[in-house]
Amino acid sequence: QKEVEQDPGPLSVPEGAIVSLNCTYSNSAFQYFMWYRQYSRKGPELLMYTYSSGNKEDGRFTAQVDKSSKYISLFIRDSQPSDSATYLCAMREPDSNYQLIWGAGTKLIIKP
Amino acid sequence: DVKVTQSSRYLVKRTGEKVFLECVQDMDHENMFWYRQDPGLGLRLIYFSYDVKMKEKGDIPEGYSVSREKKERFSLILESASTNQTSMYLCASKIASTEAFFGQGTRLTVV
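Top to bottom, those sequences are chains A and B. Residues in the first sequence are numbered consecutively from 1, following my numbering. Residues in the second sequence are numbered consecutively from 113, following my numbering.
If you are wondering where the hints come from, they were derived from the structure by calculation, not from laboratory data. All C-beta atoms in this analysis are idealised placements derived from N, C-alpha and C, irrespective of residue type, glycine included. Any given hint might turn out to be false.
[To be verified] Pulled a few chain A residues facing chain B out of the computed Cβ check, cut under 10 Å:
no.	residue
1	K2
2	V4
3	P8
4	S28
5	A29
6	Y32
7	G43
8	E45
9	L46
10	Y49
11	L88
12	L100
13	G103
[Unchecked claim] Now the in silico label distances, taken between C-beta atoms and shown as ranges:
no.	chain 1	residue 1	chain 2	residue 2	range
14	B	M139	A	P112	32 to 40 Å
15	B	L153	A	P112	40 to 48 Å
16	A	S53	B	K183	33 to 41 Å
17	A	I109	B	Y122	21 to 29 Å
18	A	S40	B	V223	21 to 29 Å
19	A	R60	B	Q216	18 to 26 Å
20	A	A17	B	S192	45 to 53 Å
21	B	F132	A	S82	43 to 51 Å
22	A	G9	B	R185	30 to 38 Å
23	B	V164	A	S26	30 to 38 Å
Only chain B is shown next, with the shape it has when bound in the complex:
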């Protein structure tokens, strides 16, 4: 089975902190994604990466950056956390011919 692992299930951070969310997949997938999920809004794509060191902006990249130094790992960075970034963050991975496999999610609260 594909396994996508997010480093934390729950995080509480203070406004202005730099926050790192880590995601690791074990199936050698080229493509990795970061989404945020908010009630009534569904999943919104923040960034995705189709190869090591490659990244593309999604629909809501403002306030976020990403890093992909190794194929299996994709990190989401909140440069200066704000309360409106309180959300559920979901990492996913896939290869071109399959659909996305998700991690268990990180519920981030910014206070």
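Isolated chain A (complex conformation):
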């Protein structure tokens, strides 16, 4: 079993829909959680970064961490075709500045 599980998709939704992307993990020591967005033929770029449990909002994006369930989510409101990309979750332990553990990425397609 992988340390971080993420459904690879593709997930296809109509423009304007609310999108929910999720990762589950097995290591209860993870404290830092990140979402990266990767457009086709580009490198990943950091989208959201959260520490421990709770919610963090940035414009149309909300990152949610539920440590009791070992489950993180990224919500996208009012989805746009420009949100079409692969979304990767990543996480690490507090003392591990180097070792990020990655999900496989979910390919998201927003249909106009």
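Model the placement of chain B on the given structure of chain A, informed by the hints.
Here is chain B on its own, set in the frame of chain A:
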């Protein structure tokens, strides 16, 4: 903005060739990383470096080596390329208190 630049976007090499992938960052970051990305497997860490001339193996170092002679430059070397090293290679850099910034990737095909 942090800029991480990889020397090539696309490379095609023959089996057995020695291949060099170069990465340069312009933000004086101590830490640099090489990942490979394959469908369904996510990002896998090959090597990382936390200082000049320092290197540590990641999860899949076999068949690869690295060089960091200057702080801004981190090179990945495939000593003898094989077809199973066909992949997307991503370089990243960071300082301890930030998260990683990635280059645009090099898609390597070994034939």
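Structure-based check of each hint:
1. Evaluation of the K2 of chain A hint against chain B yields a held restraint, the C-beta minimum of about 9 Å falling below 10 Å.
2. The beta carbon of V4 of chain A comes within 8 Å of a beta carbon in chain B, closer than 10 Å, and the hint placing it at the interface holds.
3. The beta carbon of P8 of chain A comes within 6 Å of a beta carbon in chain B, closer than 10 Å, and the hint placing it at the interface holds.
4. For S28 of chain A, the shortest C-beta to C-beta distance to chain B is roughly 21 Å, which exceeds 10 Å, and the interface hint is violated.
5. Checking A29 of chain A against chain B by beta carbon gives a least distance of about 18 Å; that is not within 10 Å, so the hint is violated.
6. Interface hint at Y32 of chain A: satisfied, since its Cβ lies 8 Å from the closest Cβ of chain B, which is below the 10 Å cut-off.
7. Using the Cβ-Cβ criterion of 10 Å, the hint placing G43 of chain A at the interface with chain B is satisfied: the shortest such distance is roughly 3 Å.
8. Hint on E45 of chain A holds. Least Cβ distance to chain B is approximately 7 Å, under the 10 Å limit.
9. A hinted interface residue such as L46 of chain A counts as satisfied when its beta carbon comes closer than 10 Å to some beta carbon of chain B; here the least separation is about 5 Å, so the hint holds.
10. Annotation: interface hint on Y49 of chain A holds; nearest CB of chain B at approximately 6 Å, less than 10 Å.
11. Evaluation of the L88 of chain A hint against chain B yields a held restraint, the C-beta minimum of about 7 Å falling below 10 Å.
12. Look at L100 of chain A: its Cβ gets to within about 7 Å of chain B, closer than 10 Å, so that hint holds up.
13. The closest approach between the C-beta of G103 of chain A and any C-beta of chain B is roughly 6 Å, which is under the 10 Å cut-off, so the hint is satisfied.
14. Distance hint check: the CB atoms of M139 of chain B and P112 of chain A are about 37 Å apart, consistent with the given range 32 to 40 Å.
15. The hinted window of 40 to 48 Å between L153 of chain B and P112 of chain A is violated, with their beta carbons roughly 31 Å apart.
16. The hinted window of 33 to 41 Å between S53 of chain A and K183 of chain B holds, with their beta carbons roughly 36 Å apart.
17. With their beta carbons about 24 Å apart, I109 of chain A and Y122 of chain B fall inside the hinted range of 21 to 29 Å.
18. The beta-carbon spacing between S40 of chain A and V223 of chain B, approximately 23 Å, falls within the hinted interval of 21 to 29 Å.
19. Between R60 of chain A and Q216 of chain B the C-beta distance comes to about 25 Å, which sits within the given range of 18 to 26 Å.
20. Between A17 of chain A and S192 of chain B the beta carbon distance is about 49 Å. The supplied range of 45 to 53 Å therefore holds.
21. A hinted range of 43 to 51 Å for the beta carbons of F132 of chain B and S82 of chain A is inconsistent with their spacing of about 35 Å.
22. The supplied range of 30 to 38 Å is met by G9 of chain A and R185 of chain B, whose beta-carbon atoms lie about 36 Å from each other.
23. At about 36 Å, the beta-carbon gap between V164 of chain B and S26 of chain A stays in the expected band of 30 to 38 Å.
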